[in-house]
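As given, the protein sequences belong to chains A and B, one line each in that order. Numbers given in the working numbering equal positions in the first sequence, counted from 1, plus 3. Numbers given in the working numbering equal positions in the second sequence, counted from 1, plus 1.
None of these hints come from the bench; they were simulated from the model. Be aware that one or more of the hints could be misleading.
Said to hold, decoys possible - Residues from chain B shown here face chain A by an in silico Cβ test under 7 Å; the list is partial: (1) 196; (2) 197; (3) 312; (4) 338; (5) 339; (6) 392; (7) 420; (8) 422; (9) 424.
Unchecked claim - Straight-line alpha carbon distances no greater than 20 Å define the calculated PhoX-like cross-link-like pairs of lysine-lysine that follow: (10) A:117 with A:134; (11) A:117 with B:420; (12) B:374 with B:420; (13) A:16 with B:118; (14) A:137 with A:117; (15) B:92 with B:75.
To be verified - Here are the simulated distance ranges between beta carbons: (16) B:319 with A:24: 54 to 64 Å; (17) B:324 with A:59: 58 to 68 Å; (18) B:361 with A:64: 48 to 58 Å; (19) B:224 with A:126: 41 to 51 Å; (20) B:404 with A:108: 37 to 47 Å; (21) A:4 with B:361: 33 to 43 Å; (22) B:370 with A:63: 23 to 33 Å; (23) B:212 with A:24: 54 to 64 Å; (24) A:63 with B:193: 25 to 35 Å; (25) A:108 with B:361: 37 to 47 Å; (26) B:361 with A:59: 17 to 27 Å; (27) B:351 with A:64: 29 to 39 Å; (28) A:64 with B:322: 38 to 48 Å; (29) A:140 with B:226: 33 to 43 Å.
Beta carbons are placed, not taken as given, at the ideal position from N, Cα and C, and that holds for glycine.
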Amino acid sequence: MISQLTVFLENEKGRLASACRAISDAGINMHALNLADTADFGVARVVVDAPEAAAEALRKVGYRATVTPVLGVRVPNRPGGLATLLEFLDEHDVNIEYGYCFSVDEETAVDVLKVAGEPAIEQLLVEAGFKPVKPEDVYRLG
Amino acid sequence: MIRGKVKPKVYYQPDIETMPLEQLRELQLERMQWSVRHAYENVAFYQRSFKDAGVEPGDLASLDDLAKFPFVVKQDMRDAYPYGLFAVPSKDVARIHASSGTTGQATVVGHTANDLKNWGDCFARGIYMVGGDQSSTIQVSYGYGLFTGGLGAHAGGEAVGCSVIPTSSGNTKRQIQMMKDLGTDILACTPSYALLIADTAIEMGYDPASDFKISGVILGAEPASENMRQEIRDKLGVQYCDVYGLSEVMGPGVAMECAAAHGLHVAEDQFYAEIVDPETLQPVPDGTYGELVFTTLVRECCPLVRYRTRDVTRIIAEECSCGRTHRKIDRIVGRTDDMLIIRGVNVFPSQIEQVITAFPEIAPQYQIILTNKGPLDRVELDVETVPDFPFDEIRKLEELKKHLAAELKSNLQIAVDIKIVEPKTIERSEGKAKRIIDLREGGRA
């Protein structure tokens, strides 16, 4: 499992920009950002260099920010990469709350999934030949 | 008599406290007729106000007729300072209490010897409600002085025949030492002081719930949330009796909470309670929240006819399991100054707060924003989640909103738009936070 930065945003002008600025001011780089929105609020889910430090920097300027464990899986960057992974999870009755993907380079992409409960799924993925992302692959530790 | 072995008498004044309703209403009417006439004949203020309203004491043929009579408000008492509302000559005045006057001119209230005796009887009933009797030791940690708390509780203890320890407030460690060494059964003070006593005792290394003999507390003179009450019950291991009173009407003992813990019995042989709509000033049916209005029935020195307390509560009309027949009032939910009228419904911020505090997912900071674009009032409630709420999942946030809206709807009878906001949005305040923002045209705030 990897740590994802989660930020609660009011549906108000400039809140996302100001959150990104706070992260950047803390010297933290972002690798992926997914934004979910509803009528009156949004939730930004971000993969960053230093999730705990980013959450702390955001809380200091008044944001509700936290770190959420999510599943990251490295998949080949070609058609069907995500579909194969989702089919596997479906076969094992793993429920997905939300997900998003980002390309690392020409060969590789990372699928980020919030799965209900089940940290054990990571072991099953390894056994089936998938490559779950380790924390050190996406961000600095400590 | 061996303490704890003999079942104590349940009531202090059984004939009065369990009087059949019909007889109680007759007694009230008879006393009310006396009281209204006494006020009219001896206080110039009432002669004027009755005349302006076109009524005379003789118009009072039934309890319902009281609604024809004019009200007395706090300002009238200020204007009458110092002796304008006294109905007896100074030779008959036994004691004078005064309000602090923090919000204006102080008010003074006098008592005859009979008034003081009646007061002691009212408070004494509450001592029995928490299981006390003449063998009990009561520690009075209300302040003694112009404030009615200390001497009111003291009179109650003496009326019962308790051993009364007049510690007054302050010097908390000594309070605890006496409570332990003297075997205090009942503590009378403010809720916040009771909690301080409990916490200090725990800091001193005691577990008051098991180490101390104390079994009841009679607490009042300031608001207390249910959480706070429960904390006091748990930490001290006691039955909690909420006592209502106000210096203008008497002092602590006007209404007291029995062991059934569902409302405070008004001393109906001494006071007649009405609930009126704070806007129309018309009496409302039992169960409806409104402003509490008192008419004194036996007071000699300062009789009051329809005194508006500005406290908001409702009558709980139910047969009480304790056997007392006197009607109960609910806990005070707020002051009329705080009342909002939303789509014709009276709403008190404390009602909203009560709903919110029942949700552990929501932080205690909140803000209510009232607008009226179009014909209807719109109510928006801004809340924050607690920091560890899993706001990562939108579904959980939406569920929380839905659940909170449903609770508010069922408690307040109005639809509220819930908005979950960032923590920076709601202003933090050291003192009293601004919880209500009324942006309605003709709004009051």
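> CA of residue 374 of chain B to CA of residue 420 of chain B, is that 20 Å or under?
Replying inline: holds, 18 Å
> Cβ-Cβ distance between residue 108 of chain A and residue 361 of chain B: within 37 to 47 Å?
Replying inline: Roughly 45 Å apart at Cβ, these two residues keep to the hinted range, so it holds.
>> Verify the CB-CB distance for residue 404 of chain B and residue 108 of chain A against the hinted window 37 to 47 Å.
In response: holds, 45 Å
> That 23 to 33 Å hint for residue 370 of chain B and residue 63 of chain A (C-beta), does it hold up?
Replying inline: holds, 27 Å
>> Assuming the hint says 54 to 64 Å, is it satisfied by the Cβ distance from residue 212 of chain B to residue 24 of chain A or not?
In response: holds, 57 Å
> Cβ-Cβ distance between residue 361 of chain B and residue 64 of chain A: within 48 to 58 Å?
Replying inline: At 26 Å between Cβs, range violated.
>> Let's test the interface hint: is any C-beta of chain A closer than 7 Å to that of residue 339 of chain B?
In response: It is violated, given that the least Cβ distance between residue 339 of chain B and chain A is near 27 Å, above 7 Å.
> CA of residue 137 of chain A to CA of residue 117 of chain A, is that 20 Å or under?
Replying inline: Holds. Residue 137 of chain A to residue 117 of chain A sits at ~15 Å (cutoff 20 Å).
> Was the hint right that residue 197 of chain B lines chain A, CB cutoff 7 Å?
Replying inline: With a closest approach of 32 Å, the residue 197 of chain B hint is violated.
>> Take the shortest C-beta to C-beta distance between residue 338 of chain B and chain A; is it under 7 Å?
In response: violated, 31 Å
> residue 319 of chain B and residue 24 of chain A, beta-carbon distance inside 54 to 64 Å?
Replying inline: holds, 60 Å
> Using the C-beta atoms of residue 351 of chain B and residue 64 of chain A, is the stated range 29 to 39 Å upheld?
Replying inline: holds, 33 Å
Hints 1, 2, 3, 4, 5, 11, 13, 15, 18, 19, 21, 28, 29 from the list above are not met by this structure, while the remaining hints are.
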